[in-house]
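What follows is each chain in one-letter form.
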Amino acid sequence: MKGNDLVPASYYLILSAVLFGLGVVGFVFKRNIITIFMCIELMLNAVNLAFVTFSQQHGQLDGQVFVFFVIVVAAAEAAVGLAIIMLIARNRQTLNVEKVDLLKL
Amino acid sequence: MLNIELFLFFLFAVMAVGGAVSLLAQRHPIRSALSLIVVMVSLAALYLLQGAEFIAAVQIIVYAGAIMVLFVFVIMLLNAGEEERTGRSRLAVVAGIPVGVLLTALLAWGVSGGATTQASVETVVQPYDTKQLAALLFREFVFPFELTSILILIAILGAVVLAKR
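Protein chains in written order, with my numbering: chain H, 117 to 221; chain F, -17 to 147.
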């Protein structure tokens, strides 16, 4: 399926940019640490979409291989990151990042 | 002029953007997690629309099926509640929307300019087989592949050690 004459690649890239911008805004302005982490995943997904679009545009599969690795790394990062979040929640009894502002209790 | 691919693209694009906006707008993190699942499923449909069927399957199985389930479990275990509305959060909405629009416009202008300069006519048969993707993954990219398996092992060890304490 050659998508270039059916759906222009720039449409996909603009969608990727929109999702990435929304992820950045959420990452900066949200206060719950889990929601911030989910905005990171949203940014990674936006980048994955851009990779797949470029892979299709150039006719090479390297972009999809990179998407595969990004998904694997995101899975590992989600596991460890959520473990860290659980530790912080256990120690500080809060999930609000504005309240976790001292290195030592 | 409207072909089925364009219609499907707009359908899933609206679903993805709607899910992302809902992720930001919801106050309870569980609703944000469900919105993110909507985003990931619609992105998987967009990958399928572009012919990347393996990536679409991996997105559903790993991202929506494992990572988001992990998120939902952690939200349940930590008993995360709603975010309160403070003065700062209202200011964030007022200040965040123009910043977000500006950043998105900048990115979109950058990427769409790059896409149209590329010759869009590819007469070579494009390799969309999962078999060819596997050949690429296990021949040229076998070293990063093995490294990611070690990475997953380290992540498992780290998560177990951290959560055990």
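These aren't lab readings, by the way, just hints derived from the structure by calculation. Do not take every clue at face value.
Some chain H residues judged to face chain F by a derived CB distance under 8 Å, without partners named [stated by the list, open to error]:
#1 LEU129
#2 LEU135
#3 VAL141
#4 ILE150
#5 LEU158
#6 ASN161
#7 VAL163
#8 THR169
#9 GLN209
#10 THR210
Restraint-style ranges between C-beta atoms, simulated for each label pair [stated by the list, open to error]:
#11 F:VAL76 x H:LEU203: 15 to 23 Å
#12 F:LYS146 x H:VAL144: 30 to 38 Å
#13 H:HIS174 x F:PRO80: 29 to 37 Å
#14 F:MET58 x H:ASP217: 24 to 32 Å
Ideal Cβ positions, reconstructed from N, Cα and C, are used throughout, including at glycine.
Practice prompt. Take a look at whether the Cβ-Cβ distance between F:LYS146 and H:VAL144 falls inside 30 to 38 Å.
Written response: holds (33 Å)
Discussion item. Quick check on the hint: H:ILE150 CB to chain F CB, less than 8 Å?
Written reply: holds (5 Å)
Fill in: Restraint check, 8 Å cut-off on beta carbons, for H:LEU129 near chain F
The hint holds - H:LEU129 has a Cβ within 8 Å of chain F, the shortest such distance being about 4 Å.
Practice prompt. Determine whether the Cβ-Cβ distance between F:MET58 and H:ASP217 falls within the hinted range of 24 to 32 Å.
Written response: holds (27 Å)
Fill in: Hint check for H:LEU203 and F:VAL76 - Cβ pair distance inside 15 to 23 Å
violated (34 Å)
Worksheet item: Should the hint that H:LEU158 touches chain F count as held when the rule is a Cβ pair under 8 Å?
Response: Given a least distance of 6 Å, the restraint on H:LEU158 holds.
Worksheet item: Holds or violated: is the Cβ of H:VAL163 closer than 8 Å to a Cβ in chain F?
Response: At about 11 Å, which exceeds the 8 Å cut-off, the nearest Cβ of chain F leaves the hint on H:VAL163 violated.
Fill in: chain F contact restraint on H:ASN161 - CB to CB distance below 8 Å
The hint holds - H:ASN161 has a Cβ within 8 Å of chain F, the shortest such distance being about 6 Å.
Worksheet item: Would the stated hint for H:VAL141 survive a check requiring a Cβ distance to chain F of less than 8 Å?
Response: With a closest approach of 4 Å, the H:VAL141 hint holds.
Worksheet item: For the hint on H:THR210, does the least C-beta distance to chain F fall short of 8 Å?
Response: Hint violated; H:THR210 Cβ to chain F Cβ min 10 Å, cut 8 Å.
Worksheet item: At a threshold of 8 Å, is the proposed contact between H:LEU135 and chain F supported by beta-carbon distances?
Response: With a minimum Cβ separation of about 6 Å from chain F (threshold 8 Å), the hint on H:LEU135 holds.
Discussion item. Interface hint check: H:GLN209, Cβ to nearest Cβ on chain F, cutoff 8 Å. Holds or violated?
Written reply: Violated, because the Cβ-Cβ distance from H:GLN209 to chain F comes to roughly 10 Å (cut-off 8 Å).
In this structure, the hints that do not hold are numbers 7, 9, 10, 11, in rising order.
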